[in-house]
Amino acid sequence: MKAPAKRKPRKSERVMRDGPDLTGGELEARLEATWSRPKGVIGWLASVDHKEIGRRYIITALAFLAMAGLLALHMRLQLMLPDNDVMTPAEFNEAFTMHGTTMMFLFAVPVMQGVQIYLTPIMVGTRAMAFPRLTAFSYYMYLFGGLFLWAAHYLHFGPDNGWFNYVTLSGPQYGVGKKSDAWAQTITFTEVAALAVAVTLVATILKQRAPGMTLARMPIFVWATLVTSLMVIFSMPAIALVSGLLLSDRLVGTQFFNPAEHGDPLLYQHLFWFFGHPEVYIIFLPATGFVSEIVATFSRRTIFGYPIVVLSLVGTGILAFGLWVHHMFATGLPRVGYSFYTAASMSVSIPTGLQIFCWIATIWEGRPRLQVPMLYVIGFIITFVIGGLSGVMIAAVPLDLQVHDTYFIVAHFHYVLIGGAVFPLLGAITYWFPKSTGRMMSEAWGKIGFWIIFLGFQLAFFPMHIAGLMGMPRRVYTYPAGMGLELPNMLSTIGSFVVGFAVALFVANMVLSFWRGLPAGPDPWDAPSLEWATSSPPAWYNFAHIPAVESRTPLWDSKDDFPVVQGLRVDDRELLMTTVISASPDIREPSATPSIWPFVSAVAVAVSFIGSIFSPWALVVGMIPVAIALTAWFWPKLPGPYAEPQIT
Amino acid sequence: MRRILIGLIAAVILIALIAAVLWTRTSGRPTQNASGTAVNPNKAIAASAASPPDDGNWTMPSKDYAATRFSALNQVTPANVVGLKVEFTFSTGTTEGFEAPPLVVNNTMYVVSPWPNNVFALDLTKPGAPPKWVYKPNPAAAAKGVACCGPVNRGASYWNGRLYLNLLDGNTVAVDAETGAEVWRTKLADIQKGETITMAPLVAEGKVLVGDSGGEMGVRGWLAALDAASGKLVWKAYSTGPDKDALIGSAYRAPYAQDQGRDLGVKSWPPEYWKIGGGTVWGWVSYDPSSKTIYYGTSNPGPWNQEQRPGDNKWTAGVFARDINTGQARWFYQSTPHDLYDHDDINEILLVDYPVGNGQRIPALIRPSRNGFFYVQDRRNGRVLSAKPYGYINVYKGVDLKTGRLIPVPGMEPVAGKVSRNICPASPGAKDWNPSAFSPVTGLVYIPHLNLCQDMGVKNANYIAGTPFVGADVKMYAGPGGNRGLFTAWDPVAQRKVFEIKEDLPLWSPALATAGGVVFYGTMDGWFKAIDARNGKLLWQFKTGSGIIGQPISYRGPDGRQYIAVPSGVGGWAGAIVSANLDARDPTGALGFNNAMKDLPKRVSAGGMVYVFALPK
Amino acid sequence: MSSHCRNSLAAMAALALLAGCDRENSDARGKPFGETIPSTSPDTVFPGGQKQVPLDPRLAAYGRNAFAIAQGQQLFGAMNCVGCHSHGGGGMGPALMDAEWRYGGRIDQIAQSISEGRPNGMPAWRGKLTDQQIWQLAAYVQSLSGQAPKDAVGSRAEELSNTPPQTQTKREPVLPSDSAQQ
Amino acid sequence: MMRRGLCAGVVSAPCLAGCTGIQTTLGGAGADDTSFIRLFATFLVVCLIMYVLVVGGLAAALANRKVLTVESGAHHESSPWLRSALIGWTVLVAIGLTGLTVASFFVDRSAAARAKHPQFHVKVIANQWWWDVIYMTPDVSQIVHTANELHLPVGVEAEVQLQSNDVIHSFWVPNLAGKQDLIPGRTTDIQLLPTKVGLYRGQCAEFCGIQHANMALVVTVESKVDFLRWLAQQRRPAFAPATPLELAGYRYVTSRECSSCHNIAGTPASGQIGPDLTHLASRRTIAAGTMPMSPGNLYGWVADPQSQKPGNKMPTIGLASNDLHAVVAYLERLK
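Chains as they are written, first to last, in the working numbering: chain E, 88 to 735; chain C, 121 to 737; chain P, 130 to 311; chain H, 122 to 456.
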């Protein structure tokens with residue numbers, strides 16, 4: 088497929104640059120032609136625009152949220168009564184595994200990365216991601232991974248050993264058939280996608296910020312994106328290694344996890360949880376970014392203690408790598424070692440405590456407007472702190488030995504994941520929906536939806552603390568009557584259906600507002616950050632002129648007379664690269680044009696990955712089409728005529 | 121006149137000389153017979169009562185009750201052994217492991233084949249030794265399903281006109297040596313419980329001593345004595361269970377405290393495990409007529425997984441001394457308490473008069489045990505005089521002579537779920553059942569043995585009668601040095617090695633020592649070798665049709681010449697990969713031997729032939 | 130193949146290679162099987178020229194089912210088959226991973242050998258194992274020589290490493306064995 | 122540091138019917154569990170205080186409706202005391218966490234110290250979906266082998282050695298102590314010091330396959346005398362069949378499928394793969410706690426175990442009805 092037809096510059100024409108003599112409608116029409124993509128299915132597949140890919144990520148992730156949510160409701164029906172037989176044990180085991188795996192790998196991380204892909208360029212004031220085609224490739228890898236997992240579930244070889252698929256149960260002898268291979272290969276897909284996104288985000292944030300946006304002037308959400316992306320880069324290789332080792336044990340009979348041949352099931356657990364714990368912070372930190380943005384906007388005040396919040400983000404990111412063994416307190420490792428991890432697990436709550444203080448201080452200092460995003464922030468603080476405190480409890484070894492792998496833990500991580508990440512996500516969607524669609528979501532239905540999900544959530548998950556303390560282990564498809572577990576389970580089931588209804592309400596609100604929401608205009612919330620300087624929805628090229636930034640809250644300080652940078656090419660895709668610390672203009676860099684090849688490469692890699700769980704030769708043979716697709720993808724573009732731009 | 125006289129005297133002297141030489145060569149009377157040798161004070165000599173002077177016959181696999189496997193014929197010497205030629209051969213028509221030695225009595229050779237245990241009587245007086253009669257016992261074919269280490273038979277025994285042998289399916293038969301007619305047949309073992317019989321019976325004092333095999337099948341070991349005339353059971357001593365079953369009574373005095381106590385056969389086992397605890401008797405029995413005492417060893421405890429049977433597991437993996445007439449135990453010494461690696465203790469027991477300084481001698485027994493130690497014990501009370509390793513050992517520290525207890529190296533015991541690596545010696549031990557030979561001439565014990573180590577993983581063994589009760593996966597490989605076999609000449613007095621020959625393949629053939637100063641043994645790829653008894657130099661070798669795992673013997677033929685006979689037919693535990701056509705891609709095949717014998721199928725094929733050699737007339 | 134699987138397969142043409150519907154269903158709810166062990170022995174001469182005995186329909190249910198093969202592997206260890214046949218290499222009993230079959234290498238013949246026993250020492254397990262267990266054992270035994278599909282077998286067990294992984298062993302032909310023994 | 126009155130009060134509030142349950146972490150029938158309850162109460166108090174501070178701060182911030190003097194000056198200086206409040210909050214959080222860490226460390230140390238001198242040893246081997254229990258006495262011939270049942274003398278420190286034959290399980294008797302994983306290839310251990318006589322239920326707490334939910338064991342804490350009487354009863358071989366129906370059952374069980382897996386001491390059935398049945402009828406549950414022991418349940422279980430506990434390793438034999446009656450009659454005999 089050739090790159091889209093481009094007008095050949097006529098000899099006489101000077102290279103067109105934006106500058107004093109090219110402004111207004113003429114400039115925007117030319118930029119539109121350069122930055123838009125061809126129509127049709129091929130065009131859709133070839134798109135490299137960060138806004139389109141971001142939206143696709145979010146919609147796909149919400150679809151997986153809904154599917155995994157339905158599984159959760161089905162499980163709650165089975166657990167509503169003791170000795171129930173709504174589901175057979177095999178169905179229940181596959182249901183909780185698919186629920187866990189989908190929520191963690193196909194919803195939580197991808198949706199956060201989707202929002203980051205969508206917002207980062209327009210927040211830092213640039214026109215595209217650093218590696219646009221890599222971002223497109225990552226979306227297709229994520230999509231194929233999700234489709235593969237659910238196809239496996241549909242074809243009776245979906246995984247059924249829990250979302251972390253511990254070894255010897257998932258090993259070649261006890262992990263019968265292709266179920267554990269399907270799980271491990273899904274991880275390979277999603278970790279490739281997550282790593283690709285993390286790399287492009289870090290490059291975009293460090294090199295493509297608008298001139299003047301020094302590190303100290305970056306929005307908090309961009310800081311959160313930077314920290315999470317670095318955490319992805321450092322933690323995903325651990326899960327890549329462990330899923331690769333499991334696949335090679337299961338397919339070619341290596342002995343990594345064979346306890347008899349001095350392999351070690353605990354090696355699996357160490358490697359998995361070295362990724363596992365940073366993973367939950369990868370989900371939580373972007374949510375703190377949402378909260379900081381929403382609190383600043385709806386309190387009409389810059390965030391209190393900006394350096395403290397940024398240092399807390401970085402502190403949480405680093406500490407998150409030092410406490411994975413608190414998932415393994417019951418495996419009989421030396422007790423002294425455990426006390427180090429207790430201390431580390433306790434210390435990670437200090438940075439989060441500081442952030443909460445700063446948010447509350449911002450609200451105290453500002454004039455809070457209790458609109459829907461702000462309600463979700465308040466709901467977040469009330470819910471997440473309960474989860475954080477129950478986390479402090481299970482950091483202590485004697486307590487964890489009693490409540491580990493019980494419903495107390497299920498309650499804890501739902502409080503910190505739904506309370507800590509989904510509530511801020513719903514707030515963020517409500518907050519940035521107008522920017523993305525140009526229409527407001529209904530404020531009234533938003534408020535009703537918030538109260539239903541907030542109360543439904545407490546009803547669903549607080550009783551699980553009690554069920555856990557009263558001796559209900561995790562992942563049991565049933566429990567005997569007469570142990571006092573009937574009431575908590577019944578309440579949880581009712582609560583979970585309320586939450587289900589509230590999520591449906593939110594989605595309905597989104598869909599209806601897409602057509603019949605109030606028109607929003609560029610800055611409906613009077614927010615400080617750069618993305619509100621673009622139109623709603625932003626044009627293909629985001630900014631007609633790359634803005635220059637002089638403070639943390641550009642829109643609040645110089646609402647209309649924006650200093651801008653001129654001189655970028657108009658007839659070809661070009662970005663302004665700035666230095667890392669002070670963001671002063673550095674060089675001009677061409678940006679990749681839309682291409683079908685990332686999609687084709689993703690298809691080739693997917694076929695090779697899926698084939699490799701049936702025969703190792705699929706990797707060897709599969710690499711040929713992958714090599715061809717990648718070669719076409721990186722085929723160099725002939726450099727056009729250049730002249731030095733004048734920077735005014 | 122004087123010259124004539126001098127010539128006459130010279131002639132007479134010359135004739136006397138020639139006569140003397142001829143007389144020594146022909147009459148076969150060894151210049152120094154076993155008992156008449158000038159008694160060298162610092163050399164062990166065979167127990168005289170148990171090792172009568174050689175009459176040129178070979179009536180039992182161990183040659184004599186002292187198990188010397190020493191032939192006093194000395195026609196074949198290091199000088200002329202290179203002239204040995206094949207006199208005749210005989211094929212048994214079977215391809216299983218051929219472990220039984222041919223017996224020669226009154227110019228008739230009796231050949232016993234592995235399953236179906238046919239017996240052929242060959243008339244040595246006629247050229248080519250044609251068969252006089254064939255005895256076909258037709259044992260049950262199903263017995264092959266419970267024979268752990270190949271459907272083998274370790275030989276018959278001749279005793280006043282009759283041949284006594286055991287059949288694989290647990291019967292003992294007496295056959296008339298002249299006509300080949302079956303005199304009596306007694307059923308002793310039950311293949312439904314996994315019991316077979318492979319040992320060569322020992323016949324003495326009118327009693328036939330027979331023990332069962334099946335340590336790997338969870339059977340209960342015993343030694344039974346049948347009346348040689350009628351085949352009726354005289355007494356039966358179990359190797360596990362209460363003292364009344366083990367015939368341990370007032371006459372019993374254990375050499376060490378570890379083996380003294382009431383009903384240790386029950387107390388040293390977890391409940392009910394002694395009933396399926398092994399301790400079978402499938403090896404060699406020796407007999408000292410002077411004290412009317414038999415000496416034999418018991419096999420490994422079952423199952424191989426040591427964690428399933430905590431405790432010392434009495435009376436397995438040890439040596440019993442019993443009165444031959446009543447079976448009452450005199451003493452018992454447990455070489456390997458709570459055996460960890462299937463180190464049976466059924467190896468041959470040589471009875472010697474052992475020098476203890478200043479010309480004094482005590483009746484002793486010396487034996488190269490499977491756990492790698494060469495024991496010298498006072499056979500009156502079982503006390504261990506010395507125990508030195510004769511092969512490479514890294515799983516035992518040594519034997520504490522004060523308590524008699526074997527000291528294992530901590531941390532090497534196989535536990536469930538974790539493979540133990542580099543266990544030397546491997547399960548077949550430093551030497552398996554193939555017996556050594558003792559030459560009173562050189563005073564050395566010639567030991568054909570192994571140099572194997574193994575990786576071993578154990579798991580919970582399930583007991584179903586008639587099926588294997590092992591609970592262990594094993595992979596064997598060559599020990600240090602890369603050679604899998606060793607032929608060692610051991611000085612039992614100085615307790616040290618005199619010389620050693622490295623053999624590529626494990627040595628599974630017994631040894632034969634002769635008064636002529638030549639020692640014979642065979643290799644698993646078919647080489648029948650003769651070496652110098654003093655320095656182990658290879659003198660002569662002959663490539664037989666199949667691997668040699670049977671006992672070579674030496675006898676005096678009807679024409680007075682010394683004949684050497686050797687059975688050739690690879691098989692047994694080590695040769696199972698060839699005789700049972702196993703698949704080398706599975707290293708744990710044949711209870712772990714496949715891994716060590718991957719190359720054997722390419723070097724040798726199955727067979728079943730007796731070769732008889734002699735110096736040309 | 131249940132109809133539900135068939136049309137889903139048609140729908141998923143792109144994922145056709147994932148056809149493994151029946152490979153995985155574990156049919157845990159075991160109703161008492163009316164399984165019987167067939168008594169015919171196809172590897173023989175039929176006077177009057179009767180044509181070959183058709184392959185037993187249970188081959189699909191057991192021979193290609195990952196759950197049945199895994200249960201067979203556990204029974205192969207638990208019922209002491211390893212004691213005689215090791216991990217397919219043989220020992221007291223013949224090797225099971227090679228191409229030579231003295232009493233027939235098809236799954237129904239193997240099931241018959243297990244159930245009835247064989248004269249040279251193979252014990253008869255009828256009455257000691259249920260017919261379903263015998264079929265599971267037969268499924269595992271025929272997978273030792275690579276007869277089972279590669280995606281239904283495990284590469285190794287959690288024990289001392291022994292044979293090369295079954296997922297990589299090539300499929301051995303099923304040949305009558307010219308046993309030298311009587 | 123811990124005021125018993127307040128903690129007990131606070132703890133009892135949310136525990137509803139939980140305290141008296143047979144499988145609850147709030148039961149307090151073992152030394153470890155009582156220290157758990159005390160530590161949990163401490164944590165709960167500290168966490169409630171922190172939670173009240175946070176939510177109170179939030180409420181106060183929301184209620185603080187002051188109107189800004191400067192129009193939309195978002196950059197005005199923050200009030201000075203907020204800075205000091207921030208430092209105060211950090212110090213408070215740090216002190217709270219340090220205190221809790223030290224408290225948990227001391228509880229952990231005291232449990233480890235007590236574990237140094239156990240009076241007797243039990244080995245528990247986990248299999249897919251049942252517990253093999255072996256009482257390791259110094260005299261090996263007195264070893265007792267049972268399944269899915271653990272008897273402990275009250276007030277005596279018992280060390281339970283934990284091994285697994287297949288996958289990772291987790292031994293958890295909440296009323297007595299915390300859980301400990303059973304990992305293939307490793308031997309872990311847990312110390313139990315029961316303080317209250319009674320009947321408790323433990324369950325596997327690490328997902329171990331299709332029947333992870335039905336892998337329970339019944340723990341009976343009794344006086345030393347009762348315990349020794351039970352141990353002696355377990356050492357006796359199985360009762361001989363008394364009636365002809367039991368004899369027919371005996372013949373079937375010891376010669377047919379049952380003997381391939383199960384062991385009944387004193388009879389030819391000595392399979393080591395399945396649970397030991399020598400004293401089956403004296404146990405309180407069938408199939409690792411799946412259902413209580415009763416003739417009716419025994420009928421249901423023996424007739425078709427797959428429908429009672431789908432996916433478990435016991436096959437459905439399809440017994441004829443007369444065999445079924447005989448077998449159940451004989452199993453009833455195995456008190």
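Don't read these hints as lab results, they were simulated from the structure. Incorrect hints may appear among the rest.
[Claimed, not checked] Distance condition first, Cα-Cα at most 30 Å in a straight line; then the derived BS3-like pairs of lysine-lysine:
hint	chain 1	residue 1	chain 2	residue 2
1	C	395	H	434
2	H	434	C	387
3	C	387	H	345
4	H	244	C	395
5	C	737	C	622
6	P	279	H	244
7	P	279	C	538
8	H	244	C	387
9	P	180	C	718
10	C	718	P	299
11	C	538	H	434
12	C	722	P	180
13	C	395	H	456
14	H	345	C	538
15	C	246	C	663
16	C	307	C	252
17	C	313	H	456
18	C	313	H	237
19	C	538	H	456
Hint check:
1. C:395 - H:434: Satisfied, since the Cα-Cα distance of roughly 28 Å is no more than 30 Å.
2. H:434 - C:387: violated, 34 Å
3. C:387 - H:345: With a Cα-Cα distance of about 25 Å, the restraint between residue 387 of chain C and residue 345 of chain H holds, given a limit of 30 Å.
4. H:244 - C:395: Satisfied, since the Cα-Cα distance of roughly 23 Å is no more than 30 Å.
5. C:737 - C:622: violated, 34 Å
6. P:279 - H:244: At roughly 39 Å apart (the allowed maximum being 30 Å), residue 244 of chain H and residue 279 of chain P break the hint.
7. P:279 - C:538: holds, 28 Å
8. H:244 - C:387: Roughly 20 Å separates the two Cα atoms, so the pair holds.
9. P:180 - C:718: violated, 42 Å
10. C:718 - P:299: holds, 20 Å
11. C:538 - H:434: holds, 24 Å
12. C:722 - P:180: Given that 30 Å is the threshold and the Cα spacing comes to 40 Å, the pair is violated.
13. C:395 - H:456: At roughly 23 Å apart (the allowed maximum being 30 Å), residue 456 of chain H and residue 395 of chain C satisfy the hint.
14. H:345 - C:538: Judged against 30 Å, a Cα distance of about 37 Å means the pair is violated.
15. C:246 - C:663: holds, 26 Å
16. C:307 - C:252: holds, 27 Å
17. C:313 - H:456: holds, 29 Å
18. C:313 - H:237: violated, 46 Å
19. C:538 - H:456: Cα-Cα ~37 Å, so violated.
Comparing the model with each numbered hint stated earlier shows that hints 2, 5, 6, 9, 12, 14, 18, 19 do not hold.
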